[in-house]
Amino acid sequence: MTYAIEANELAKRFKGGVVALDGVSFAVEPGTVFGLLGPNGAGKTTVVRILTTILAADTGWAKVLGHDVGREPDLVRRLFGLAGQYAAVDENLTGRENLVMVGRLNHLTRREAAVRAAELLEEFELVEAADRTLKTYSGGMRRRIDLAAALVTRPGVLFLDEPTTGLDPQSRAGLWAVIESLVGSGTTVLLTTQYLEEADRLASRVAVVDHGRVISQGTPAELKAALGATVLAVGLHDAATAEQAERALAPLSDKSPHLSGTSVELPVDGGPKVAMEALRVLDQLGIEPVTFVLREPSLDDVFLALTGRSAEAGSDPQGRDLVTEPRAASGGEARR
Amino acid sequence: MSAPATAVRDRPDAGREPGIGSRLGWGVSDTVVLTRRNLVKYVRIPESLFFSSVQPVMFVLLFRYVFGGAIRTPGVSYVNYLIPGIFVQTMAFGAVNTSIGLAEDLQKGIIERFRALPMARSSVLTARTLADLLRNVVVAVLIAAVGFAVGFRIETNVLAFLAGVGLILVFAYALSWGFAVIGLFAPNSETAQVMSFPVLFPLTFASSAFVPVQSMPSWLRGFASHQPVSVVVDAARALMVGGPTTSLVWQSVAWSVGIVLVLAPLAVHRYRTST
Numbered sequence: 001m002t003y004a005i006e007a008n009e010l011a012k013r014f015k016g017g018v019v020a021l022d023g024v025s026f027a028v029e030p031g032t033v034f035g036l037l038g039p040n041g042a043g044k045t046t047v048v049r050i051l052t053t054i055l056a057a058d059t060g061w062a063k064v065l066g067h068d069v070g071r072e073p074d075l076v077r078r079l080f081g082l083a084g085q086y087a088a089v090d091e092n093l094t095g096r097e098n099l100v101m102v103g104r105l106n107h108l109t110r111r112e113a114a115v116r117a118a119e120l121l122e123e124f125e126l127v128e129a130a131d132r133t134l135k136t137y138s139g140g141m142r143r144r145i146d147l148a149a150a151l152v153t154r155p156g157v158l159f160l161d162e163p164t165t166g167l168d169p170q171s172r173a174g175l176w177a178v179i180e181s182l183v184g185s186g187t188t189v190l191l192t193t194q195y196l197e198e199a200d201r202l203a204s205r206v207a208v209v210d211h212g213r214v215i216s217q218g219t220p221a222e223l224k225a226a227l228g229a230t231v232l233a234v235g236l237h238d239a240a241t242a243e244q245a246e247r248a249l250a251p252l253s254d255k256s257p258h259l260s261g262t263s264v265e266l267p268v269d270g271g272p273k274v275a276m277e278a279l280r281v282l283d284q285l286g287i288e289p290v291t292f293v294l295r296e297p298s299l300d301d302v303f304l305a306l307t308g309r310s311a312e313a314g315s316d317p318q319g320r321d322l323v324t325e326p327r328a329a330s331g332g333e334a335r336r
Numbered sequence: 001m002s003a004p005a006t007a008v009r010d011r012p013d014a015g016r017e018p019g020i021g022s023r024l025g026w027g028v029s030d031t032v033v034l035t036r037r038n039l040v041k042y043v044r045i046p047e048s049l050f051f052s053s054v055q056p057v058m059f060v061l062l063f064r065y066v067f068g069g070a071i072r073t074p075g076v077s078y079v080n081y082l083i084p085g086i087f088v089q090t091m092a093f094g095a096v097n098t099s100i101g102l103a104e105d106l107q108k109g110i111i112e113r114f115r116a117l118p119m120a121r122s123s124v125l126t127a128r129t130l131a132d133l134l135r136n137v138v139v140a141v142l143i144a145a146v147g148f149a150v151g152f153r154i155e156t157n158v159l160a161f162l163a164g165v166g167l168i169l170v171f172a173y174a175l176s177w178g179f180a181v182i183g184l185f186a187p188n189s190e191t192a193q194v195m196s197f198p199v200l201f202p203l204t205f206a207s208s209a210f211v212p213v214q215s216m217p218s219w220l221r222g223f224a225s226h227q228p229v230s231v232v233v234d235a236a237r238a239l240m241v242g243g244p245t246t247s248l249v250w251q252s253v254a255w256s257v258g259i260v261l262v263l264a265p266l267a268v269h270r271y272r273t274s275t
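Read top to bottom, the protein sequences are chains U and P. Anchor point for the first sequence: position 90 equals 90 in this note's numbering, and the numbering is continuous, going up by one each time. Anchor point for the second sequence: position 202 equals 202 in this note's numbering, and the numbering is continuous, going up by one each time.
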């Protein structure tokens with residue numbers, strides 16, 4: 001089996017001893033979408049930067065389409081496309097000029113670059129905006145032109161670093177559709193995301209990354225099965241009642257409930273049925289919930305289940321700070 | 001299962017290493033593409049047009065008509081003394097664009113994207129400095145026009161005048177590499193600009209660009225008469241309005257070459273190691 005992307009025990013430590021990656025391994029089958037899921041600062045972007053030859057790993061190795069990224073960087077750069085959270089396109093150029101520039105820098109001839117740019121503008125529904133500078137583009141349009149730029153050479157492997165972070169739901173859905181159609185035509189995609197929903201929708205396999213390590217790996221279904229299909233979230237009047245409710249609700253699921261302030265969250269398998277039981281139990285105790293919601297599990301829930309702490313929180317119970325992404329650490333506002 | 005066929009379609013060069021010849025050709029082509037991209041910005045952003053054109057014109061008018069009357073320049077009219085200095089000052093200021101442009105590209109993540117493309121590594125820095133050189137050529141034409149309009153006259157000959165302008169352009173190009181270093185260390189373009197001016201101000205104003213160094217206090221005179229901007233101004237002034245040239249021209253060429261030899265490798269090193 002030749003994998004499209006392989007990472008083996010990748011480790012990276014930044015200046016000042018900050019450990020960004022602490023032995024990350026995974027393999028991506030050709031023609032599939034692989035999701036790296038994790039909170040800000042988990043090390044997802046560092047993985048992408050190593051795989052795209054921007055950054056060298058301290059130890060470990062990685063291959064793209066069978067070629068080692070450290071040993072054959074020039075060759076590897078011709079095999080993939082990269083698009084990301086920070087639409088790295090030139091806002092003083094028009095959409096068309098950006099695409100032609102990327103084509104030329106990929107050593108297409110002038111003619112080839114122009115033809116390809118026109119095709120992509122058509123595909124991404126940017127024909128009308130093609131000859132306006134990117135300054136006039138909306139956030140969603142910028143991501144689209146950025147993604148189009150990554151596809152100029154029709155690469156076999158596509159890296160998408162948080163492709164929809166900060167986008168409105170409509171733009172997000174639009175990008176998802178594009179990514180799905182790319183995969184349909186045989187492209188291998190590695191995407192990083194903070195959204196479980198996104199990984200669930202697009203990825204056939206997911207690795208959950210935390211503190212520079214893969215803490216869980218599998219299909220989205222396996223991840224969710226480990227967690228429970230839905231989460232029952234109950235809000236109470238005060239913390240004391242919440243503790244009481246936590247004790248009362250715990251027997252309803254084989255997963256343990258999570259208490260935070262005045263709310264209790266319980267991963268459950270049989271959603272509505274458990275909800276009815278929960279209301280009955282609370283009623284018997286004379287507890288009246290303020291809010292009562294059955295919802296899809298979020299990344300936060302996966303994190304709680306896997307690590308016992310929230311993905312949103314800045315540090316874990318031992319008080320270690322989350323590793324910050326390198327650019328953010330050195331470049332200040334650079335990529336925020 | 002093997003790698004998908006899509007991996008290499010439409011990629012005539014994919015899968016094999018390019019030869020030395022095409023590597024060089026691509027390096028040139030990448031530099032041309034990026035230089036054009038850098039220049040487009042100067043044309044499309046009104047603020048940069050302002051700083052490129054209005055500012056030097058204001059300096060000419062300010063020194064010619066406001067301060068000029070109070071400045072004694074024995075043996076030469078003040079306007080003839082001033083314009084060679086304005087050329088150097090404006091182009092040195094123009095070289096700051098290199099630091100601002102690089103810092104901005106780093107900040108916006110576009111250089112990060114360039115690093116992931118199969119393009120020549122060197123082209124980002126060469127294209128940036130080249131674009132700023134070309135921009136300075138345009139500025140030179142503008143200053144010449146304004147200079148002639150306010151009474152500047154070539155006292156030597158046109159070739160010597162052009163040689164003077166060329167000398168200044170070479171010096172400004174050398175300065176660009178110095179400002180490239182600043183741009184590569186700065187966290188953002190605003191800081192790059194702020195970091196550049198403490199270097200630029202003493203160099204351009206504590207020089208023979210606007211006033212004879214003899215008028216300065218002795219502690220400053222030592223620096224002012226030997227620092228590179230004064231050397232280049234004196235050389236250009238000699239070429240444009242007369243005076244002994246040979247030694248000054250060689251000195252200013254030596255400064256330019258020296259600056260590039262020291263700072264260009266530093267900039268390249270910083271570019272390679274900063275990620």
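Wrong hints could be hidden among the right ones.
[Claimed, not checked] Computed list of lysine to any residue pairs in SDA-like fashion (alpha-carbon distance at most 20 Å, straight line):
#  : chain 1 : residue 1 : chain 2 : residue 2
1  : U       : K135      : U       : D168
2  : P       : K108      : U       : N40
3  : P       : K108      : U       : S138
4  : P       : K108      : P       : V54
5  : U       : K135      : P       : Q55
6  : U       : K135      : P       : V54
7  : U       : K135      : P       : P46
8  : P       : K108      : U       : T307
9  : U       : K15       : P       : V40
10 : P       : K41       : P       : V54
11 : P       : K41       : P       : Q55
12 : P       : K108      : U       : E9
13 : P       : K41       : U       : G166
14 : U       : K135      : P       : V40
15 : P       : K108      : U       : V274
16 : P       : K108      : U       : G166
[As the list claims (entries may be wrong)] Facing chain P, a subset of chain U residues (Cβ under 7 Å, in silico):
#  : residue
17 : I54
18 : R71
19 : P73
20 : R77
21 : L82
22 : N92
23 : V293
Derived from the structure by calculation, the hints contain no laboratory data. From the three backbone atoms N, C-alpha and C, an ideal C-beta is built for every residue, glycine too.
Margin query: Hints numbered earlier in the text: which of these fail when held up against the supplied structure?
Written below: Of the numbered hints, 4, 5, 6, 8, 9, 12, 13, 15, 18, 19, 23 do not hold.
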